[in-house]
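Participant: Just so you know, the protein sequences line up as chains G and D, in that order. Numbering-wise (this note's numbering), the first sequence opens with residue 1 and increments by one. Numbering-wise (this note's numbering), the second sequence opens with residue 186 and increments by one.
If you are wondering where the hints come from, they were derived from the structure by calculation, not from laboratory data. Computed from a predicted structure; not experimentally measured. Do not take every clue at face value.
Here are the computed distance ranges between Cβ atoms for each label pair [as the list claims (entries may be wrong)]: (1) 643(D) <-> 87(G): 34 to 44 angstroms; (2) 126(G) <-> 736(D): 36 to 46 angstroms; (3) 223(D) <-> 142(G): 51 to 61 angstroms.
Here are some chain D residues the structure puts well away from chain G; computed CB gaps all over 10 angstroms [to be verified]: (4) 208; (5) 278; (6) 349; (7) 419; (8) 645; (9) 674; (10) 677; (11) 731; (12) 787; (13) 876.
Some chain D residues judged to face chain G by a derived CB distance under 10 angstroms, without partners named [said to hold, decoys possible]: (14) 222; (15) 227; (16) 305; (17) 307; (18) 317; (19) 318; (20) 380; (21) 428; (22) 429; (23) 659; (24) 795; (25) 822; (26) 857.
Every residue gets a Cβ at the ideal spot worked out from N, C-alpha and C, and that includes glycine.
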Amino acid sequence: MAPSTSSVITLTINGEKHTLPVDHRTTLLDALREQLDLTGTKKGCDQGQCGACTVLIDGRRAVSCLQLAVAAEGREVTTIEGVAEGDELHPVQQAFLDLDGYQCGYCTPGQICSALAVLEEHAAGWPSAATADVRPEAGPPPLSPDEIRERMSGNLCRCGAYVSIVQAVARAAEARTAGTEEALA
Amino acid sequence: MTTTTGTTTTTGAFGTARTRVEGREKVTGAARYSGDIPLPDLAHGWMVLSTVARGRVSAVESEPVLAMPGVLAVIHHENAPRVNLDYMGMIGKPDPIIGVFQHDRVPFMGWPVALVLAERPEQAREAAEALVVRYDQEPHDIGFTYGHPDMYTPPDSPFGAAVATKGDVEAELAASTFVVDSEYTTPEEHHNPMEPHAATAHWDGGRLEVFDSNQGSTMVAAELAQIFSLDAESVRVRSEHVGGGFGSKTTRPHQVAAAMAATLLHRPVRVVMTRRQMFSTIGYRSPTAQRVRLGADESGRLRVLDHRSECVTSTVHEFVERSATVGRVMYDADAHYTSDRVVRLDVPSPTFMRAPGEAPGSFALECAMDELAEKTGVDPIELRVRNEPDRGPVSGLPFSSRNLVACYEEGARRFGWADRDPRPGVRREGRWLLGTGMAAASFHSGAGPSTAAVTAEADGTFTVRINAADIGTGARTAINLIAADALAVDPERVRVVMADSDLGPAMLAGGSMGTRSWAWAVAIAVSELRERLALGGDIPPEGITARSDTTEAIGALASKERHSFGAQFAEVAVDVTSGEVRVRRMLGIFAAGRIVNPLTARNQFVGGMIWGISMALHEEAVRDRASGGLVSPDLAGYHFAANADVPVVEADWVDDPDPDDPVGIKGVGEVGIVGAAAAISNAVWHATGVRHRNLPIRPDRVLSAGTNVPEPGHAG
Numbered sequence: 001m002a003p004s005t006s007s008v009i010t011l012t013i014n015g016e017k018h019t020l021p022v023d024h025r026t027t028l029l030d031a032l033r034e035q036l037d038l039t040g041t042k043k044g045c046d047q048g049q050c051g052a053c054t055v056l057i058d059g060r061r062a063v064s065c066l067q068l069a070v071a072a073e074g075r076e077v078t079t080i081e082g083v084a085e086g087d088e089l090h091p092v093q094q095a096f097l098d099l100d101g102y103q104c105g106y107c108t109p110g111q112i113c114s115a116l117a118v119l120e121e122h123a124a125g126w127p128s129a130a131t132a133d134v135r136p137e138a139g140p141p142p143l144s145p146d147e148i149r150e151r152m153s154g155n156l157c158r159c160g161a162y163v164s165i166v167q168a169v170a171r172a173a174e175a176r177t178a179g180t181e182e183a184l185a
Numbered sequence: 186m187t188t189t190t191g192t193t194t195t196t197g198a199f200g201t202a203r204t205r206v207e208g209r210e211k212v213t214g215a216a217r218y219s220g221d222i223p224l225p226d227l228a229h230g231w232m233v234l235s236t237v238a239r240g241r242v243s244a245v246e247s248e249p250v251l252a253m254p255g256v257l258a259v260i261h262h263e264n265a266p267r268v269n270l271d272y273m274g275m276i277g278k279p280d281p282i283i284g285v286f287q288h289d290r291v292p293f294m295g296w297p298v299a300l301v302l303a304e305r306p307e308q309a310r311e312a313a314e315a316l317v318v319r320y321d322q323e324p325h326d327i328g329f330t331y332g333h334p335d336m337y338t339p340p341d342s343p344f345g346a347a348v349a350t351k352g353d354v355e356a357e358l359a360a361s362t363f364v365v366d367s368e369y370t371t372p373e374e375h376h377n378p379m380e381p382h383a384a385t386a387h388w389d390g391g392r393l394e395v396f397d398s399n400q401g402s403t404m405v406a407a408e409l410a411q412i413f414s415l416d417a418e419s420v421r422v423r424s425e426h427v428g429g430g431f432g433s434k435t436t437r438p439h440q441v442a443a444a445m446a447a448t449l450l451h452r453p454v455r456v457v458m459t460r461r462q463m464f465s466t467i468g469y470r471s472p473t474a475q476r477v478r479l480g481a482d483e484s485g486r487l488r489v490l491d492h493r494s495e496c497v498t499s500t501v502h503e504f505v506e507r508s509a510t511v512g513r514v515m516y517d518a519d520a521h522y523t524s525d526r527v528v529r530l531d532v533p534s535p536t537f538m539r540a541p542g543e544a545p546g547s548f549a550l551e552c553a554m555d556e557l558a559e560k561t562g563v564d565p566i567e568l569r570v571r572n573e574p575d576r577g578p579v580s581g582l583p584f585s586s587r588n589l590v591a592c593y594e595e596g597a598r599r600f601g602w603a604d605r606d607p608r609p610g611v612r613r614e615g616r617w618l619l620g621t622g623m624a625a626a627s628f629h630s631g632a633g634p635s636t637a638a639v640t641a642e643a644d645g646t647f648t649v650r651i652n653a654a655d656i657g658t659g660a661r662t663a664i665n666l667i668a669a670d671a672l673a674v675d676p677e678r679v680r681v682v683m684a685d686s687d688l689g690p691a692m693l694a695g696g697s698m699g700t701r702s703w704a705w706a707v708a709i710a711v712s713e714l715r716e717r718l719a720l721g722g723d724i725p726p727e728g729i730t731a732r733s734d735t736t737e738a739i740g741a742l743a744s745k746e747r748h749s750f751g752a753q754f755a756e757v758a759v760d761v762t763s764g765e766v767r768v769r770r771m772l773g774i775f776a777a778g779r780i781v782n783p784l785t786a787r788n789q790f791v792g793g794m795i796w797g798i799s800m801a802l803h804e805e806a807v808r809d810r811a812s813g814g815l816v817s818p819d820l821a822g823y824h825f826a827a828n829a830d831v832p833v834v835e836a837d838w839v840d841d842p843d844p845d846d847p848v849g850i851k852g853v854g855e856v857g858i859v860g861a862a863a864a865i866s867n868a869v870w871h872a873t874g875v876r877h878r879n880l881p882i883r884p885d886r887v888l889s890a891g892t893n894v895p896e897p898g899h900a901g
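Chain D on its own, in the form it takes in the complex (with noise of 0.2 angstroms):
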């Protein structure tokens, strides 16, 4: 049973507080994720990976492995079947990594080059671990610079174009009174989704079943079907409960493989991940080096904004973490120029990870408006409010609905930020000097083409199918709400179908465009369903059925810029004596359009907050430059923020309306870390009087850093 938090109502379920539809399921352990589905017969697949960083595989000595106990199979690139990956999926062209085992190249330390299968997971484990593969070692550059000679300019895609100007930058910083011209970097960061990737598959009656953990079924199960040249409806993949994606739940190298397998050994087949293997096979998010040049005329207008970055992406694919494009969203200036570049290195192939482009940019472009307003007098607030654009700054185009000013007024308020002192290095309290900063947020607002059934059953009740996936967002329980208010019933009516490619295509959770996508899907639904009630009659046992396809709907959608907004506000404490920083609160205000409901999207706000935290002051995986390989590719080596790391962490919203808008939702899934790790930068710099424009604020960077802090007596 679902409870309500809030007060109950039984009509306008939408922006009501509730508890999850699942809950009862994730607390009792009953909630089964894709590695948990019991099959008989079932056999284990454990994947090898590369041990060098580039050049052939050699050998892959198979048959010692096969004579040990329980040991079925060793899959690798001379037995394994060939596979397609000439297509273009619903993000993109394929990461060559998902097809396994079709060639001898190694592009990469930690590559996929062999499945080691067994009856039980420690014979898989153990074999897997014995199977000796030999390589013809090639040299590696896994050096990654700013400036890097081999970087280039990657071509448009439909995430961004490479390069925006506007206007004469030079000229315009010429002209400028005060000038903001620094450097930043991000480092190699992973998704580490608690529950690793792991795909179950097998056959039956003809079609290829897998049940995996992802972040959209339509999506891998239409992949799987090319990659093993099948029909699309012979492809089923189910994921009900997936235990967090971030970006890495896509088609992955586990599904495959575990398809592979089950079809060579005619039996079901699992494939899980371990937390080492998801180091290099799914995806990350690229190192950043970005230089960032704002110019400024008295009053703190800019005349420029000239934002560069540059990233990294593997041999075998490209992906670009476009961190230039945030600034073409927020701030008026006279010239703008941002661009996106990328070099080609021996390294894996990185991906979207939580607000991909945003999380890195908003670093160092609102640290650089930090600067900008130390530089020039002006409060950090206020010299955001006068560079504030009425329509795109770059594209021109009007702003769906752009409520930024108001998440500023109301932080502002609830943060206490009017009795704030700016001037840096002079809050003391013991070994601890005190700062607070603050940032702004963007994440753009989009909608994939979904299609849903509404039934209306014989028994009262109503059924919703559609294909969307809970991550952990909460989609389901928000589906639940988003067709109760539509069909003004109470939400324990309602009965929600989901995760399952036979439901038919829907967008997948990722880009925090699901529940928009999907509540656009089941209102259509809904609308038809209720004009065909509003008729009359009895419902047949079958119940009546209405479907809906949004793909024209958001074909028809008027071009527009559609963003989520936020003002980020943390508060620090920095021992100079260990060069520890504790964040001590957060305050998050966001316009997110319409909150369907406000006990999970709190929790996804302050989630992608936590995620700022990380990555301010945790998150950093390094890279050996000898080996090519990672130094700590674990949870103890890599750390993200665990409970200790944080304090208060407050997020809320102001009202954010969109009459055009035919669904008013917006994503807060990514929002939440936009902006996060500068205001906690800003802070420390407010704390010590020191930049710090390298994450993560590493204790041994402060400690170098050291402060600014004014002499006793000259405090005043």
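Next comes chain G alone, as it looks inside the complex (with noise of 0.2 angstroms):
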């Protein structure tokens, strides 16, 4: 008997649990886009170097055109269909949208899942290429606008928005900052 070449799996897709029959072969990223009909996380390149394609699994960033499907099961996708809360943007949404931090918006959800991973890295106290002090003791750098394109360099946008996309994503930092000391005080 030949080996299968498909398996039906189970995706955790933005909290909600989706059944589908998979060829072995199918990406992440295709199984969202032509299976799922989750089509707000883009392909640009299909091979690791655009980042348009960046979602995020477990809380973290990754290309989901370099992932297998099968290989996400089990694991929690959060797309960019995922990000608001219903009708209210996510804070990194409103600022990409405020500021322009885009112009065709092609990159812009791997952009926003990007931006979101970085101030989840930057806040667990990752440190970059563009870091000073890397030493532990040393704390989170500050999110400066060199940190900022450092981190966000994943992410090409040809349309050239990126002064608008560090912006965004520092105006996303400081909403988050007021939001955590609001909710310490």
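Join the two chains, each given in its own frame, into one complex according to the hints.
Facilitator: Laid out in structure tokens, this is it:
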């Protein structure tokens, strides 16, 4: 008997379980787009070079074109469609909208998912290549424009909206810090 | 909901910063691009491209592939229906690459030779990769050089004369006190919009319907009708959201292949290009080799402007990168000679790419002006001011408006130019040498015929219908503001319906002409509508609609030199140990007519300037002489600026009124790249004392060129 080339899997996308048959070659990106009609996640290069297909897997950013759908079973996947709370935009989304952090919009879902992870990574104290002092005891560096540029460099934008993307991430970071302080107060 | 970021007004919407009408859709992932449209029973097409640079297809071995799971068909030159390419499209004769699978000839590496169709994309892809295509290979020539023996002078075209002359160049050169004679090169560059070209085609009620990623669905629908010999009314093309174009999203093989396959299979077909396929099938910017000779008197006034540029095209289509035309607008000189020549090689057809001609041409001319400034000892801005023309330097026509000097002044003030020490190689910060540079920019301002309809609805709202395309420019929002302003109503009361060929003919988003063209049509329709509304009376349930067509108005426009202008400033740091060049800040000040939406216009200008950073430092497609193909056709091998490459980039504008112009809008999409690479290159000279005349300014080039830094102690 020929070995099976497809499986029925259950994916958890934006908190919702989807059971679907997938060809074992199917990437998470193609499963989202072609089988679940979640087309917000974009295919820019299909080889992990542009970041347009960035999603969060268990809270960490990943390019979904380099993930096989079968390998995403049992993990929490968040796509751009799961970022807003109903009609209320996430502060990152709102900042991209208000500050015009895009032009054509095609890289935008990936930029926003990446930005969400940047804020978490930074809060967790992860350094970047732009971090001057990487000793753990130094704590998280200020999320300066250079830090944002470095951390967002996995997401290409050919329109060249980087200046406003950096502004949008900075504004969302400020909102997050203010929110955290409010919660602690 | 859209929100204003500036002062909220209910009148005077024109000129008010406003977030994008479709912004919420774009930040939530709800915006559907052409590869995102679900259709029942959709089949997937995967293109197969030639793996040789010249020859004939001797066999397409379809049989084994047709036996693979899910494979529906393989279309190639032996079974494809015939198509018609004998027509003139909106942007000229069609590039033969869109006549897919019509013959066995292979004119370059990456020519479409087959389309594999399957139920699922994985199946189509695997079958396409498994398909064996055999070739009778022939020797190819892809080697572009200045003075290639087959270089020829192309015929004049609507995009410019091949040669323009005035006065006696050689006599004026002989009489010049200062002469610059330099050669410059720019490499093959690729558009790489983030959204790959994608088309979803199907037949619906006897009509061919295509969801497509393009810069103008009037153009694409008309061409598909020609190609498949259909009535114009039998084709509908929609492109609601488009993920960038930059000149590449015209009629391309994917639409034709998808429509052909949908016809053969009797079911919807989607064809999406892969990133790598885009490097040979959608056009690109030709490499250029340019020679500039400037002759000036002792005060720096130009006696001669001589700019000769050469470029490449394919053996099947003539496209000329008209780099030498920029000087015909920029500078007065007693004698002018500007020419663009081209050679046909076994390479893909180039095409329009952001500021075609002006982008590479301004690199050479504006670097040469900087070299002349160095020779004459005149400040680079002052030198340009001294050579400002009163009228078109070659045409003799008046300028519609030319506020370039105001750009210099405002730019110099904001950049801090007055404090600049002109000497090169004297600023050091650790391992970094620092420098600043500037350059001028221009881009022509045109318009194409468009139709529009504006409806006063019974509920008090207004609907604008125009077949515009928003490829990221903010066109949808701009049209909303233009209409609201003309109607003197809040933008919230105006709905814009666009990107659908059924709306009637309109200009494409290209040549920085879209917004100007569409605004014109909308303004005329609104004016007509307001006249009818002024008569009073109730609005019937179907509303009251006024229509416009700008064909006559554009034809009646007085002959003038119409251009956007700008001044570019850059500060760079050059690492003398690694050869790395970092741009530290850029400032662009533009005179580009009336600015419709400051928020999106600024983004466009800045985006163009960032293209300039890429052009100066990163972008370069390397063609392999042995295979005839590109060495690294993907986004890892072909680098354009990532976020960390981009520093503080600011753009702003000066007033640029043109009371005689019926629209007052010029383009903002392209002028931002013009001159940007030259400003960076001039700054690299100011930092290192060495001229870099070959783009991109790679680390290895910086290292091997070295520096020309005064000895310590002699720097004063």
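Participant: Now look at each hint and say whether the structure bears it out.
Facilitator: Here is how each hint holds up against the structure:
Roughly 28 angstroms separates the CB atoms of residue 643(D) and residue 87(G), a value that falls outside the hinted 34 to 44 angstroms. Distance hint check: the CB atoms of residue 126(G) and residue 736(D) are about 59 angstroms apart, inconsistent with the given range 36 to 46 angstroms. Between residue 223(D) and residue 142(G) the CB atoms are about 45 angstroms apart, so this pair departs from the stated range of 51 to 61 angstroms. Residue 208(D), annotated as away from the interface, has a beta carbon of chain G within 10 angstroms; the closest lies near 4 angstroms.
Against chain G, the non-interface label of residue 278(D) holds: every CB pair exceeds 10 angstroms, the least being about 28 angstroms. With a minimum CB-CB distance of about 32 angstroms to chain G, residue 349(D) clears the 10 angstroms threshold, and the non-interface call stands. With a closest Cβ-Cβ approach of about 28 angstroms to chain G, residue 419(D) is found to remain outside the 10 angstroms limit, as its non-interface label requires. Once the 10 angstroms rule is applied to beta carbons, residue 645(D) is consistent with being away from chain G; the minimum gap is 25 angstroms.
For residue 674(D), the non-interface assignment is confirmed: its Cβ lies about 23 angstroms from the closest Cβ of chain G, beyond the 10 angstroms cut-off. Residue 677(D), annotated as away from the interface, keeps every beta carbon of chain G farther than 10 angstroms; the closest lies near 16 angstroms. With a cut of 10 angstroms on Cβ distances, residue 731(D) stays outside the contact zone with chain G, its closest approach being about 31 angstroms. The beta carbon of residue 787(D) is not kept farther than 10 angstroms from every beta carbon of chain G, the shortest such distance being approximately 8 angstroms.
The beta carbon of residue 876(D) is kept farther than 10 angstroms from every beta carbon of chain G, the shortest such distance being approximately 27 angstroms. With 10 angstroms as the threshold, the beta carbon of residue 222(D) comes within range of chain G, its nearest partner Cβ sitting at about 8 angstroms, so the hint holds. Checking residue 227(D) against chain G by beta carbon gives a least distance of about 9 angstroms; that is within 10 angstroms, so the hint holds. Interface restraint check for residue 305(D): the shortest CB-CB distance to chain G comes to about 7 angstroms, inside 10 angstroms, so the restraint holds.
Given the 10 angstroms rule on beta carbons, the hint for residue 307(D) holds: about 5 angstroms separates it from the nearest Cβ of chain G. Given the 10 angstroms rule on beta carbons, the hint for residue 317(D) is violated: about 20 angstroms separates it from the nearest Cβ of chain G. For residue 318(D), the suggested interface contact is broken, since its CB lies about 22 angstroms from the closest CB of chain G, more than 10 angstroms. Interface hint at residue 380(D): satisfied, since its Cβ lies 4 angstroms from the closest Cβ of chain G, which is below the 10 angstroms cut-off.
This hint holds: residue 428(D) has a C-beta 3 angstroms from the nearest C-beta of chain G, less than the 10 angstroms allowed. Among the interface hints, the one on residue 429(D) holds; its C-beta lies about 4 angstroms from the nearest C-beta in chain G, closer than the 10 angstroms criterion. Restraint check, residue 659(D) versus chain G: the minimum CB separation of about 7 angstroms is within 10 angstroms; hint holds. The beta carbon of residue 795(D) comes within 3 angstroms of a beta carbon in chain G, closer than 10 angstroms, and the hint placing it at the interface holds.
Satisfaction of the interface hint for residue 822(D) is found here, the shortest Cβ-Cβ separation to chain G being roughly 9 angstroms, below the 10 angstroms cut-off. Interface restraint check: residue 857(D) against chain G, minimum CB-CB distance 9 angstroms, threshold 10 angstroms, status holds.
Violation of the numbered hints given earlier is confined to hints 1, 2, 3, 4, 12, 18 and 19; the remaining hints are satisfied by the structure.
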